[in-house]
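2 protein chains.
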Amino acid sequence: MSKIAVDLMGSDLGYSELSKAVIQFINEDKNSSFILFGEEDKIQPLFADVDSKRFKIVNTTEVIPMEIKPLDFLRANRSSMYQAIKAVKEGEADAVVSAGSTGGFVVGSTILLRNIDGVTRAGLCTPFPTAIKNRPCVILDVGASNVNTGEDIYGFARMGRIYAEDITEIHNPSVYTLSNGSEEGKGPQEVVDAYELMKTRKLTGFKGNCEAREALDGNHDVIVTSGYVGNIFLKATEGTAGMMNGMIKKAFKRNIFSKIGYLFAKKGIKDMKETLDYRRFGGAILLGINGVAVKAHGNSNTYAF
Amino acid sequence: MSKIAVDLMGSDLGYSELSKAVIQFINEDKNSSFILFGEEDKIQPLFADVDSKRFKIVNTTEVIPMEIKPLDFLRANRSSMYQAIKAVKEGEADAVVSAGSTGGFVVGSTILLRNIDGVTRAGLCTPFPTAIKNRPCVILDVGASNVNTGEDIYGFARMGRIYAEDITEIHNPSVYTLSNGSEEGKGPQEVVDAYELMKTRKLTGFKGNCEAREALDGNHDVIVTSGYVGNIFLKATEGTAGMMNGMIKKAFKRNIFSKIGYLFAKKGIKDMKETLDYRRFGGAILLGINGVAVKAHGNSNTYAF
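Protein sequence lines correspond, in order, to chains U and D. Everything in the first sequence is counted per this note's numbering, starting at 1 for the first residue and increasing by one. Everything in the second sequence is counted per this note's numbering, starting at 1 for the first residue and increasing by one.
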């Protein structure tokens, strides 16, 4: 039975939204139990009907703010996030999940759980939906760091490959560096350096640079980039998909005819939405540390969380 | 009458695609004439039916390759791109347009036409379609540089504001720095520096950081960023929009019912496609140099060019 530490505080939608997710998970998965970190008097009533053997609440009153400096995180050792990560460090839990501050979560996981030997920088990794159904593209780093070296990005490639093979179950995944052109030598120094390292160290599956335009065509299994750029890519993609979904909805709601049109085209449109459903990949896993640490979007709803 | 220098070579689709665009423009706009740079014996036949007062062909045999170093560009002074830019420098043309190498075009325009006094770095600027029809968002730099300083980005903001007011005709445009969070202090050093400069120098319209997710919601008029990141944003957006358009098409082509559905919803879908039509903004203008220099996508078709 796996035990999951959950930081219920610090998300945009509040602890009750996240609690609903935990309860749903408990009901659907019989092989898990939870340690929940947050304000006990508020959380307890939400779990009134849940089997008490499946969860434990650890009362915490402090919440890590969205922006926090590493030293301040260490001082906030009574906070829900600190305590949740510490549960993994001390072997009380097998994994930790939080929808709170990304900066705090990365700092806390790195300091408390430490990088795996040989990893220069941990990276937040998330599978993206692509044009091909059930063929996600694994991208990292999407925001653990702002700036990365070529060596960091090379490390992301090694970790991303393993993730793609073991988690998204893609056999012999192809690996690309994200750049502003497909030719070797394109991009800022860290990308040029990473490319060079992949080549000289003969990283299995490395195919060269990939432009952002082709990234999600379903033919790119692992894409590596520095954290700031990965974050911009992630949000540009989500933003555009969200905007277009809104427009499609509007297009169908135009008048009685378009509404009839929707009824006819419903299946295809639903299928498309499913293929592109970013909520299916609600979290990013922090690869490269000694422990399983998953960072959910700050605005995760129950389904995503 | 305005005179436009056109580099007909170096595009992905070839000189005949671009020539068609020039001929169409000549037919639709009576107040312009062209100086065309390229292989005369190939181009001349395409213009057989065009009024010879409206265009002149300058024979060039050399083509700037996609990747070129600054010194090599200067040596390639017989190339179509070099000659086209030089026509602006020497006052023979009012503007230059090319669909060739971006690197070559930026280097050539910067060296031959030189930056305007006070501009630390020229920036490629392009209006993006947003969720609100006819309310484009002006973004720069989208790829003239890889790396920029805060001072460069501050300069982009000044130029972007003027572009938004005068060209996309947005009164009192709002200006944002692209970052991975909306709070001050988010992002890599150059973004933090740019934010600081905008604040201390009181840039009119500056509203702070903007996340990539909200960039195209129609409420952000000017967004500034370093060139590499802007390029990733541009291509991520285009890639996602293109992918979804393909999926919408597929959804409607599914079967006879979905095809009927399309007939009913056609108007709304077309309206959406028009709102999002990236081809309407086929080029990026290089802001900050002494001259009008427009870089079209390498894969521009007739309509875009």
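Any given hint could turn out to be false.
Copies of the same chain look alike in the list, so a pair counts if it works inside one copy or between any two.
Cut-off 25 Å, straight-line C-alpha distance, at most; resulting in silico cross-link-like pairs (DSS-like, lysine-lysine) [unchecked claim]: (1) K56 with K133; (2) K249 with K266; (3) K30 with K273; (4) K267 with K30; (5) K199 with K69.
Simulated from the structure, these hints should not be mistaken for lab results.
Okay, the hints, checked on the actual structure:
1. In this assembly of identical chains, the alpha carbons of K56 and K133 never lie at most 25 Å apart, being 38 Å within a copy and 52 Å across copies at closest.
2. In this homomeric assembly, K249 and K266 come within 25 Å of each other (Cα to Cα) both inside a single copy, at 11 Å, and across copies, at 13 Å.
3. Proximity of K30 to K273 under the C-alpha cut-off of 25 Å is found in neither arrangement, the shortest distances being 30 Å within a copy and 47 Å between copies.
4. In the homo-oligomer, the alpha carbons of K267 and K30 never lie at most 25 Å apart, since the shortest distance is 33 Å inside one protomer and 49 Å across protomers.
5. Proximity of K199 to K69 under the C-alpha cut-off of 25 Å is restricted to the inter-copy arrangement: shortest distance 23 Å between copies versus 37 Å within a copy.
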